[in-house]
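Asker: Each protein sequence line maps, in turn, to chains A and B.
Numbered by our numbering, the letters in the first sequence go through residues 5 to 282 in order.
Numbered by our numbering, the letters in the second sequence go through residues 439 to 591 in order.
Here are some, though not all, of the chain B residues that point toward chain A, as calculated from beta-carbon distances under 8 Å:
no., residue
1, Gly505
2, Val508
3, Leu583
Just so you know, the hints here were simulated from the structure itself, not pulled from any lab data.
Glycine included, C-beta positions come from ideal geometry on N, C-alpha and C.
Here is how the chains run, residue by residue.
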Amino acid sequence: MRTAEAASWIATAPWRVERVRRESHDVVTLALVPPEPFTFEPGQFSMLYLAGVGEVPISISGTSEPDGLVLHTIRDVGAVTHALCTLIPGQHVGVRGPYGTAWPVAAARGGDLVVVAGGIGLPPLRPAIRAALAERDKFGHIVLLYGARTPADLLFTDELTAWRGRFDLTVEVTVDAADSQWRGNVGVVPDLIARAGPFDPGLTTVFTVGPEIMMRFAVRALLGSGVAPERIYLSMERNMQCAAALCGHCQFGPFLICRDGPVLSYQRLARWLGMREV
Amino acid sequence: MTLEPLLRGHRFFAGLAPEYLALINGCARNTVFDEGTFMFREGEQADEFYLIRDGRLALEIHGPGRGPVVVQTLRAGDVAGFSWLIDTHRWQFDGRVIEPVRAIGVDGRCLRDKCEQDPKLGFELMRRFAGLAVDRLQATRLQLLDVYGHAHG
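Build out the structure end to end from the sequences listed, making use of the hints.
Answerer: Structure, rendered in structure tokens:
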């Protein structure tokens, strides 16, 4: 069985692409069949490899039900991600992992959970949201605040619609720009925090992923609303290449993001966030 | 009917002294706007601002060949309108109602007169509107940065 503990610097094994789902004009979710039983924790990532093209870190965005396929959601931003986004069912991709630290879902039990996602930051948060909803009675309020560039860039819209239909989950979506046909919110994610409705800052755990600038502003708003710095968790992105804490490319201050992250508490990151030399 | 309880309950006036709420109440009225209507139009005289209690409105601007673009949406707890404070007193955007809006409209001319008579009230209001303006400016900067337009995550 492949587990977080077992994954290290090992050869990539080919996984078959079972399904491809286009989430938006530049984002695709691959549903992959692992060659052997595979487990992961919400927030972890895999290294996806295409022979002759290259390898990139991609967040695990969940598993499909009921067939248990492993989902990776990819934004087409470079040569490797473009090649991954053009895979079709039946083709294969090399996978190493899972790697990295996970969202502390269990530690958040007993209090409120606020999830702040921006853009392609929603995929690594989806497994955490699903995990919390799977044991809904163990949490107080659960709030999802999600921002994207435009309405066309929103991901997982079917699941968002289902979540919005629940009475035990608050979902607020906003976009940076829209035409007058859009009936939702226009504005930035940090602005949603002050309007996010019922959560008790003193008992709240926050998970956030998005562009680093967005996360910095979101953290300021969260701290301003009274959330404790040690209960705010961010998922960091740096140039990960080996994912095994060997190459040093993903160093961020004293951390190697592939080993110590990507999920880290704001309390540990605070000194380094916003420092342009890091 | 006094609107003081509603004024006191609005986020924008949280913690404001009762005597100032009483003064503002003298300039305030209850307003309701139906979906699809405009609360205000760009270029019109701006002698009122709104404390939104319920519903949502879109601040829009339009240009030839582009149609209306939503620059921000406002909802319960938000304030619509800085223009009553600025000397030109003209609305800068269209305010189109997306969901029926209930709001307290505050007469800007009336309130400016009260601020002239009581500079402490004027300072308190200016402090709150300046904070609001800074928040909007920061949000606008983030939107202009187009943070989602670049690779990450």
